[in-house]
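For reference, the chains in residue letters:
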Amino acid sequence: MTPFDNFLKYLSKTWQIDLFWLAKGGVLLLLFLYFLFTLVVIRQIKTMSQTITGVLEKELILAAQLLMILAIGVFFIAIIIL
Amino acid sequence: MPDVFVSKKKKNTKVSKFSGLSTNSSPQSFNKETPSSLPAQAGFAVPTRHSAPDLIGIKESPLRKGFNLKKLKKGAGEEYVTVAEKLVKEKNGTKLRIFNVLPKKVKFETQEAKEIILVLLRQHWATQLSWMITAGLMILAPISLIWIPLISFMPGNFQTMALIMWYLLIIAFIYEKFITWFYHVFIITDERVIDVDFYNLLYKEVSEAKIDNIEDVTYRQGGVARAIFDYGDVEMQTAGEKQEFKIENVAEPHRVVKILNELKLEEEYEKIMGRVR
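Same order as they appear, the protein sequences are chains A and B.
Heads up: the first sequence is residues 1 to 82, going by my numbering.
Heads up: the second sequence is residues 83 to 359, going by my numbering.
If you are wondering where the hints come from, they were derived from the structure by calculation, not from laboratory data.
Worth double-checking, as some hints may not be accurate.
Distance windows between CB atoms, simulated [claimed, not checked]:
(1) B:A321 - A:G26: 51 to 61 Å
(2) B:D315 - A:L39: 32 to 42 Å
(3) B:V163 - A:T47: 37 to 47 Å
We treat Cβ as the ideally placed atom computed from N, Cα and C, and that holds for glycine.
Please build the complete structure, drawing on both the sequences and the hints.
Encoded structure:
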């Protein structure tokens, strides 16, 4: 048995991956990415509002901000529930 | 035929073929006021004097000599109505209209001070049906979990979280599709056309062409859906940097082409009149 094999055997005995924590981490990561997506949406709507003004811009920015609030809310809910 | 005098018997009387006026070879007999009894006795038709207004269809007042220029029928080019003036009569609907005529409060980035937005076009709503149906099916999809337990292996809290994330995904999908459609517009002003292509959240393209530079406008309308909902593609060949402009899936393409052609004529008229903005 090589030293590397010994090292792997040592790792597999001592470091056990908990599936629950992995899943929770994955969910939180996805929700964080969703939060970033909402920030991009807000930024993009503001840019487009400069290109064309006066067309539902307030309503769309408000909707984008609500989406961002929703993303933050769900992120905290995920921390509590999971 | 106007009431011109025509002598039936006198050989030297000619009838103008094109103008409908009669000309007499002896002008003296026409212009001189002769007693009506003399030619009548001689067997000639009695000539009557015709003034210019009579000949163009306006009755001359006995009290006023000459004729009023204001009463003359207007010819081509005397009265000029701009495209914007024609479109004012049309009703304007909601902000979500796909064919928005003279939209109020709408401005764009590079708009000049006196430039008027005549039409703001969006893709026809019928072309958006695919993602609307997809979104509807996505909303209803979790119902199928009653019969197909795809996530039953998960703990209860994870199942709840999976459903919440699913609906967040649907909201993002609908929102992204909607703003992509909403900001993908084509603007026709009295001076130029502007194409705002908003492909997705991270990519947009704004291009424009002056009405003067538009050389050829065509539209295509083929297929069942396009025939039913009356939408199609309008293509423009321009002399500018971007040689081809294409408005895809626009409502009433024939009307768009008509407006563009009228604008081209308007520009030519302005050139003749020496109007430069």
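Tell me if the beta carbons of A321 (chain B) and G26 (chain A) are separated by a distance inside 51 to 61 Å.
holds, 56 Å
Within 32 to 42 Å or not, the Cβ separation of D315 (chain B) and L39 (chain A)?
Given about 35 Å between the Cβ atoms, the range holds.
Between V163 (chain B) and T47 (chain A), does the C-beta distance stay in 37 to 47 Å?
holds, 38 Å
Checked against the numbered hints above, the structure violates none of them.
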